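Residue numbers (numbering that gives the first Met the number 0), protein chains in the order written: chain A, 0 to 426; chain B, 0 to 334; chain C, 0 to 369.
I should point out that these hints are in silico values taken from the structure, not numbers from a laboratory.
Keep in mind that this is a model prediction, so the values were computed, not measured.
Beta carbons: idealized from backbone N, C-alpha and C, even for Gly.
Possibly wrong hints are sitting among the right ones.
[Said to hold, decoys possible] Covered stretches of chain C, as calculated for chain A (at least 3 residues, CB under 8 Å):
#1 110-118
#2 160-171
#3 185-197
#4 271-282
[Stated by the list, open to error] Distance condition first, Cα-Cα at most 25 Å in a straight line; then the derived SDA-like pairs of lysine to any residue:
#5 C:Lys-140 - B:Phe-119
#6 C:Lys-361 - C:Arg-27
#7 A:Lys-216 - B:Ala-12
#8 A:Lys-194 - B:Leu-295
#9 A:Lys-164 - B:Tyr-300
#10 C:Lys-140 - B:Asp-213
#11 B:Lys-77 - A:Gly-262
[As the list claims (entries may be wrong)] Okay, the calculated bits of chain B under chain A, using three or more residues with CB under 8 Å as the criterion:
#12 3-10
#13 247-254
#14 257-266
#15 285-296
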Amino acid sequence: MKYKLGTAAIAAIMAAGPVMADLVFPSLSYRTGPYAAGGIPFADGYADYFTMLNARDGGIGGVMTRVVECETGYNTEKGVECYESTKGEGSLVYQPLSTGITYQLIPKTTADGIPMHTMGYGRTSAANGDVFSHTFNYPANYWNGASGAINYLLEQNGGDLNGKKIALVYHNSAYGKEPIRTLTELSAKHGFEFKEVPVDHPGQEQKSQWLQIRRDKPDYVIMYGWGVMNQVAVQEAANIRFPMENFIGIWWSGSENDVLAAGDAADGYKALTFHGVGDDFPVFDDIQKHVVDAGNAAGAGDQIGTVLYNRGLYAAMLAAEAVKTAQEIHGVAEITPAQMRDGMEALSITEEKMAALGLPNFGPTFDVSCENHGGTGLVGMTQWDATAKEWTLISDFAPSDMDVIGPLIEEDSAAYAAENNIEGNCG
Amino acid sequence: MNEQLAFTIEVFANGLMAGVLYALVALGFVLIYKASGIFNYAQGVMALFAAMTLVGIQNGQVPFAHLINAIFGTDVHKFGWSVHSFAAILLTVIVMIALAWAVQRFVFRHLVGQEPIILFMATIGLAYFLEGVADLMWGSELKALNVCASEGNCLPQGMNVWLEGTTYEALGYGFFIDNLDIVASIVAAILVIGLVMFAQYTKQGRAMRAVADDHQAALSVGVSLNFIWVLVWSLAGFVALVAGIMWGAKSGVQFSLSLIALKALPVLMLGGFTSIPGAIVGGLIIGVGEKLFEFLIGAPYLGGATENWFAYMLALLFLVFRPQGLFGEKIIERV
Amino acid sequence: MFYREAGDFSTTYAEDQQTFPIKFDRYRYYVVLFIAIVVVPFFINDYWANSLLLPFLIYAIAALGLNILVGYCGQVSLGTGGFMAVGAYSCYKFMTGVDIWWGGELLFRLPEFNIFFSVIMGGLMTALVGVLFGLPSLRIKGFYLAVATLAAQFFLVWLFNRVSWFYNYSASGQINAPERDLFGVLITGPSTEPWATYLFCLFFTIVCAVIARNMTRGSAGRKWMAIRDMDIAAEIIGVNPLRAKLTAFMVSSFFVGISGALFFAVYLGAVEVGEAFGIQKSFLVLFMIIIGGLGSIFGSFAGAAFLVLLPVALKVVGVDWFGWPTDIVAHLNLVIVGGLIIVFLIAEPHGIAQLWRVAKEKLRLWPFPH
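Use the sequences and the hints to build the structure in full.
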């Protein structure tokens, strides 16, 4: 690898820089722009968790945390600016929160030696840690999601999907196209008929797509949507009287934002998830006490317990746990990004750990290793209840079909390795 | 009845309906362009602004709450009341009129007689400005929009059951039409008839047409340009509000609402920038054309998602034969 | 005081015709060039390169290109994003070796081009596509043409998203710039030195600016301007509108293609077409030239600087100095940029370039204006 120059330069900067007194977590948030509705709760959850850690525990391992927020507006160029302006502050881990920024930062963070965590988005094959040394996408990725949805349907149909029709409604972009390969493979394996229905950005007008679905009468519809496309799709599905319980969204299509606009019509809509929903966890009492009541909440405080807030909180929790792991491994409290990477690679989330954090059964249990940066790929299913206005988890975190996903990850990461002359980090 | 034919007819009908929604947005452009020669890039943002204001007033949100809280360290968010839809719409109309006045007073009065591209540029500045103000005022999170005459009696959505049942019995295939689209068509029809009546039979309307015809001639017979422009911008603001309600009812009110302007552009160029009937006919042609193309050619053979570019290609095709749009004024060129 | 022409005597036609006839102006230009080429590379770091200078230089090229079309030839285009995408994807294909297929079989594969020539090829391919989409301009005029070029914008983005040949069949649909060097110095990829990427872009910017300046004051430029001012009159005095408009589209698209190629290969390194080259990009570049000044080379630079640097500057002031919440700053940012555009237009409708001209005129008489 030719990364020596870059890392050497960074090492020089690190050595020359001032002693850093806190653990810096940059938050590349998007509270403006077309996807602001999704970005606000996530950023709030991410920030509030660290604020809570500071107020309750005095930081992590005795070192205070600091969240540096930088507004990207979901725009790649602003994301680059944010990365460049925050990386000098000793940032421990990046959460780029957009597919575009992720692709952008994968080579850059690797060259700069800073780990990046793309939780449930980004480049799926980054799960192969042998190739992507500084990119992590545990606990689940898009292909796990696709397979998880099919597994769930298998279970619903007594293990047999033969002759069923499944349609994929997707945002016509790199993100939306992610599950196609997996679903094609799975359709061959399980004998269901698979149909693609792309929706062009931004997806405000989906009449013809849903008329196609009305004509073809698929048994199930899976959706990979984002932003305004979700709300419109849920509304249109209700309009054509598509049975909502047969309509499954990926986790980016499964927040309160996506169903509230449609009102009662959205009742029964399902979405995949890789973390718990609702505010029925002990940790929220601490957040209420130490953050909201103290007047330190990142947002208006009304987002607590929403799906995307929980996701931000979950991301923060995983980052904090990785810091603890890193502190244990290296025996220092003020860790560097390189040590953070080791911590993330040795991260192990168990039931006991989550319970101790006040988040019992909040997410799947998993272990990260050098080869596997993607965790175990357990996904759960949630369902929307329009009268109570809340999501409920209706299944356990179940495994996805790694026999299908494994080779796909292998293939895609091998292509990346060949293109970029990466020889393997785990050797 | 032949299945494929039935589906095609269904797509055709829905295309017409979608076309009406496009035309609603395009109307706002036409009004301003006709009266002042300004291509108003901010029309989409105006729809967003109007819809956000409407929801904000309905829910009793405190304007600029976030900014106030950040500056003064207070914690205000809501007044704690909610306003009836009709009252809220009325208040929003007043806000849009105030906006029209402000735009006229602070921007375009200073730019009288400038070239069209400069006026266009000013509307771009306006679009940025309004977008920022709207977000600061009401927050950028997603808001559900419900316009209700009374409790539980709101804008209808979903399939028209009566139509489906009747057509099923008569033809053996139940056609799908969205109730919201039917409402939108009725509203659009009323709006267009109202605008045409206003332009034909009222004093202000005649003055408006005079200004559209010739600024200087209108000035010389004592028509106040300032007043007419405020009037036109107010009307465009009102049209933006209607478009914002119709589109926002489907998707919730959020930033993407401002992108509906892009759906109106092919309609405009097909119908001509200066013709109200043109906007309607253009909308219908674009709506039907893009839906049918996607349904018959795009989705089966080209992999789908062709609507966006096909709308423009269709308009381009028409323009090659009629460079001023279907209903635009004939361009006469002299040296 | 400054910018006075007293004492400057032109003794040859060449001297009289030069770009900067006033000595002071000429020296200022040399100083700027000297600082940009010799001084800046020694002080540049990752932040300055990637957040400010690279986007500025690249957008300046795009703005130059669009200014030729809109400012000099009067053909309003909103297809810039799509044309930049053509540049980026051609550059990518030539970088990684173009594979030609026929009937499901690989006919042959071109060797991988050097990054320099890949960028040039990006420009050339875009010029071709630009001419194709410029054809409707012969019939359609004004805002109608602007909206017609949107057809190119949406179609091209859809095409690059749809046809997997363009992104070498990668599963993600994104294109990634592999590591490439020029004379042993890395130009693309993650481990590049900021000075190298900066100088690479600066080279293209300067060359493009010089070409644009000389074309616009030569016979081609005068034909464009004649078409812009009144195409029928121009036709009567013997300007061929077909050739004039199409050459404008060609040259403009060439520049825009180069900027797209640099945008992808050097600046971002990985792009997805819908996000990076969407309609917003077309509008952004158009805003740049209108704010900067239509029909002005300096205006292209000024406009690019205004829209690239101002938001970053406002962000730094708001967030880093005052410590305001990032979303309020982002919203205020919009309000301020929008407000400034309007204020600028009211004060000076012909853009920053005109302000600069006026300032020069004032400085010429300063401190004795009478």
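Structure-based check of all given hints:
With 0 residues having a Cβ less than 8 Å from any Cβ of chain A, the segment 110-118 of chain C misses the three-residue criterion, and the hint is violated. Coverage of a stretch by a chain is defined here by at least three residues with a beta carbon nearer than 8 Å to that chain's beta carbons; for the segment 160-171 of chain C and chain A the count is 4, and the condition holds. Counting residues of the segment 185-197 of chain C whose CB lies closer than 8 Å to any CB of chain A gives 5, so the stated coverage by that chain holds, three being the minimum. With a threshold of 8 Å between beta carbons, the proposed coverage of the segment 271-282 of chain C by chain A holds, since 5 of its residues qualify and at least three are required.
For the hint pairing Lys-140 (chain C) with Phe-119 (chain B), the CA-to-CA distance comes to about 16 Å; that is within 25 Å, so the pair holds. Proposed proximity of Lys-361 (chain C) and Arg-27 (chain C) is supported: the alpha carbons are some 17 Å apart, at most 25 Å. Using a Cα cut-off of 25 Å, the hinted pair Lys-216 (chain A) and Ala-12 (chain B) holds, with the two alpha carbons roughly 20 Å apart. Taken as a hint, the Lys-194 (chain A) and Leu-295 (chain B) pair is honoured in the structure, with Cα atoms around 16 Å apart against an allowance of 25 Å.
At most 25 Å may separate the alpha-carbon atoms for a hinted pair to count; Lys-164 (chain A) and Tyr-300 (chain B) meet this at roughly 20 Å. Taking the CA atoms of Lys-140 (chain C) and Asp-213 (chain B), the gap is about 21 Å. The hint holds against a cut of 25 Å. Restraint check: the Cα-Cα separation between Lys-77 (chain B) and Gly-262 (chain A) comes to about 22 Å, which is no more than 25 Å; the hinted pair holds. Check on the segment 3-10 of chain B: 3 of its residues sit with their Cβ under 8 Å from a Cβ of chain A, so the three-residue criterion for coverage holds.
Counting residues of the segment 247-254 of chain B whose beta carbon lies closer than 8 Å to any beta carbon of chain A gives 5, which reaches the threshold of three, so the coverage claim holds. A count of 3 residues in the segment 257-266 of chain B with a Cβ less than 8 Å from any Cβ of chain A is obtained; the coverage claim is therefore met, three being the minimum. Judged by the Cβ-Cβ criterion of 8 Å, the segment 285-296 of chain B is covered by chain A as claimed, because 4 of its residues qualify and three suffice.
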